[in-house]
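Construct the entire structure; sequences and hints are all you get.
When we follow this note's numbering, the leftmost residue of the sequence shown carries the number 297, and every step to the right adds one.
Hints are not guaranteed to be accurate.
The calculated DSSO-like cross-link candidates involving lysine-lysine, where the alpha carbons are at most 27 Å apart (straight line), are [said to hold, decoys possible]:
no. : residue 1 : residue 2
1   : Lys-804   : Lys-405
2   : Lys-942   : Lys-958
3   : Lys-549   : Lys-713
If you're looking for bench data, these hints aren't it; they were derived computationally from the structure.
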Amino acid sequence: MKNLYVLSFLLFFLSSSALAQEAQISGQVYDSLSHSPISYASVSIHQNNHDSAFVDGVMTNESGAFSLAKLKAGQYLLKIRFLGYETQVIKLTPLHAGEHLAIKAIELKPSATFLNEVVVSAQPNLNYHKIDKQVYKANQFETAKGGTAIDIIKNMPSIAINGQGEITLRGSSGFLVLINGKAVQTDVQTILSQLPANVVENIELITAPSAKYDPDGKGGIINITTKTGVDNGSFLAINLQTGFPSFNDYNNKESQKRYGTDISFNYKNNRWDLTASANYLRNDNAGFREGDVYTIINQIKTTFPSNGERSFDKYNYGGRFNIEFKADEKNTFSIGFFAGHKFQDRVADIYYNNTKIDLENQQVIGRTSYFNANLQTKQGNFVLGNFGYTHQFNDRSNLSLSLLYEYADLYGSTDNKNIEGNTTVQHTLNTYKNPLKGLRAKLDYSVKIGEGSWESGYQFREDKQNGDFIYSTKQGDTFVVDPEFSGLIDARNSIHSLYSQYAGKHKKFEYTGGLRYEHANRNVNLRGEEAPHVLTLDNLFPSANILYTLSSGWQTKAGVSRRVQRTNNFELNPIPEREHSETLEQGDADLLPEFIYLAELGLIKTFKKGSFFSTLYYQDIKNPIQRVNSVYTDTILNRIYTNAGKAYSYGLETGINTQITKQWQIYLGANLYKYHIKGTLFDEQIDVANSDWVYAINFNTDYKINSTLNVQGNLNYLSARPTAQGRDSRFISPNLALKKTFMNGRFSAQLQWQNIDLGFIQANEQRITTFGSDFYTTTNYIYEKDILLLNLSFQLNKLKNKLKLPESEFGNKEF
297 MKNLYVLSFL
307 LFFLSSSALA
317 QEAQISGQVY
327 DSLSHSPISY
337 ASVSIHQNNH
347 DSAFVDGVMT
357 NESGAFSLAK
367 LKAGQYLLKI
377 RFLGYETQVI
387 KLTPLHAGEH
397 LAIKAIELKP
407 SATFLNEVVV
417 SAQPNLNYHK
427 IDKQVYKANQ
437 FETAKGGTAI
447 DIIKNMPSIA
457 INGQGEITLR
467 GSSGFLVLIN
477 GKAVQTDVQT
487 ILSQLPANVV
497 ENIELITAPS
507 AKYDPDGKGG
517 IINITTKTGV
527 DNGSFLAINL
537 QTGFPSFNDY
547 NNKESQKRYG
557 TDISFNYKNN
567 RWDLTASANY
577 LRNDNAGFRE
587 GDVYTIINQI
597 KTTFPSNGER
607 SFDKYNYGGR
617 FNIEFKADEK
627 NTFSIGFFAG
637 HKFQDRVADI
647 YYNNTKIDLE
657 NQQVIGRTSY
667 FNANLQTKQG
677 NFVLGNFGYT
687 HQFNDRSNLS
697 LSLLYEYADL
707 YGSTDNKNIE
717 GNTTVQHTLN
727 TYKNPLKGLR
737 AKLDYSVKIG
747 EGSWESGYQF
757 REDKQNGDFI
767 YSTKQGDTFV
777 VDPEFSGLID
787 ARNSIHSLYS
797 QYAGKHKKFE
807 YTGGLRYEHA
817 NRNVNLRGEE
827 APHVLTLDNL
837 FPSANILYTL
847 SSGWQTKAGV
857 SRRVQRTNNF
867 ELNPIPEREH
877 SETLEQGDAD
887 LLPEFIYLAE
897 LGLIKTFKKG
907 SFFSTLYYQD
917 IKNPIQRVNS
927 VYTDTILNRI
937 YTNAGKAYSY
947 GLETGINTQI
957 TKQWQIYLGA
967 NLYKYHIKGT
977 LFDEQIDVAN
987 SDWVYAINFN
997 TDYKINSTLN
1007 VQGNLNYLSA
1017 RPTAQGRDSR
1027 FISPNLALKK
1037 TFMNGRFSAQ
1047 LQWQNIDLGF
1057 IQANEQRITT
1067 FGSDFYTTTN
1077 YIYEKDILLL
1087 NLSFQLNKLK
1097 NKLKLPESEF
1107 GNKEF
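Below, the structure written as structure tokens:
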């Protein structure tokens, strides 16, 4: 036995000595256009001799990194391949025993004859396509500078934004948002309004997502990648914005304030990558509304036309940092933190003229006029932290773990006064506190099998929210709580997910296919009720995508997937909230989620100075969630969330980007679809059937006057469209920007003209109309036009890739 121990020790010593003499090569592979990492590229090493004999090979991991170990001393060639890219061959310097050769960045160029990504512009390459996504570079939209991520994404061909700020993707208001590939379960408008446009690198539209993504969002997924440096060194960017006095203030009580700043810093060396960012944005908006409403109760018709101020005071600020540490070639750690605050005041000071008519004899039986002063305040403090770990095994497989925890302190109030003459006849106060805690944990594993890679993983997500809603009426000098509109609500959502998928390529085919299983539990408990409202669901979410390369720059692709649009806690809250004088808003604790099947078929063509794409798509929607109206009292409508039967839509999405001349470039995106909804409301008391064609156009043109001066025009147009009980009017927003650069591009000044109206375009306003057998309401919301902004930007070193910053996961959706 003693001899056996000695022999084992000698063998271990000899093998360790031999390993110590072996060489190692590592590096990272990037796309030369987007500068984003290329996952699962093939990296092989060969003898540098007459037959280039194969020695070893690996696949890059999700961050594009690879490592080749146990190499003997000698001369080698390194070959990097990936479908749709030109093969890169690198002649290495002679390797010596024990040497570790680290290659900072290897860039692959898209192939002109066999594309995985189709370039949609020529100089520079601003847009391109992959098997499951469309990618747009943010820097082509100059009119968005100084704003937020919303100002960028509204230019995508399949995206539209209406006058209420609601964002739709292919006509669907529900979709999942990713920040640098990480899901955020938040209200879309809120999370994107906190992300400065200046740090956004790319916008990715994933319209037929694979099984590895969360199935949330009936419209698909928007992934936003942000900026950082790729090479070792440091980077600093500072942006300032200020607004000129308003041309249209609609006699609002306060003047609008618009100013902001953001700063981003990045430091990187071979092992450490530190990113920090902070921002402040004040962006008030003047406004006016004109309304006309009538209700009918017991043959008494009450009309109450109105008009008055509807303006917003808005600001947000926050700070983020992320640290990534590469312990060695196989282990990477990251940690991030975010803290921020968001504030919004909405003033609705409206004058009403009420008239009551007896419909049996058409006699006027009453008239009254009054002034309604309504102030709604929403605030939120957001704090979150995340942790990530990635390990690469010797068998070319990868394991990654990510954790995120969030706490959000959400609170606000609605102060409502009805005043006749100098007398306050009614004064109500609606306050709420709605703190939220959220957790997400995810474990993923990937390994190369055959011509592609197999991925599988598990995810757990949970959010808890305890809401305290108090509605009180002023009686004398004190406020008395009204129990009908007050209450406490506890909501908890938990989801367990398992997925598995395979992605590969064979000759001219690229393909992915997978399946995701989810066990979801939703528990809504209204304090005072004996039994909670519980919903438990088990569902499968299949997905498949193919991409086939034809000849002469043509490609075709197809995809199918199943999605879910989950209910948020605001939609589930059945406690009525006095939104303003003429409405109560409430949710439904038993509301069902929407389930959607998506299918698409697309064609892509690349030509010398640009590209064109066109995609047919179809959405089948079960349990569509609608906000609908019913009569509560003669002057109050009750707006509730409810399921409205079934809906479907089909459409055509198309886009073109081309270089007209060396100085002039245009981009045009359009989406045409037909939306149809059919079902019943209010326990089958009312039938709903509504359908119509809808279209949206996003146009962008850029003209380079000289090497340091360019002008850009931008137009976003959304046509009229049907809703469950009515119709929304068209919405148009033209914009213009003039940009001048200095100091070799490091400093720039830009003048923006937003929501151009010139007195006749009727820009930035929208009419919303709903009606039923016993009511009719139409309201025209008019928002500020002809806004002038000045943006100043300074950069120290250039940005190239992702700014890895944590983003809010749960809390913003309840803001």
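Status of each hint after checking the structure:
For a cut-off of 27 Å, the pair hint linking Lys-804 to Lys-405 stands: about 18 Å separates their Cα positions. Restraint check for Lys-942 and Lys-958: the C-alpha separation of about 50 Å exceeds 27 Å, so the hint is violated. Restraint check: the Cα-Cα separation between Lys-549 and Lys-713 comes to about 17 Å, which is no more than 27 Å; the hinted pair holds.
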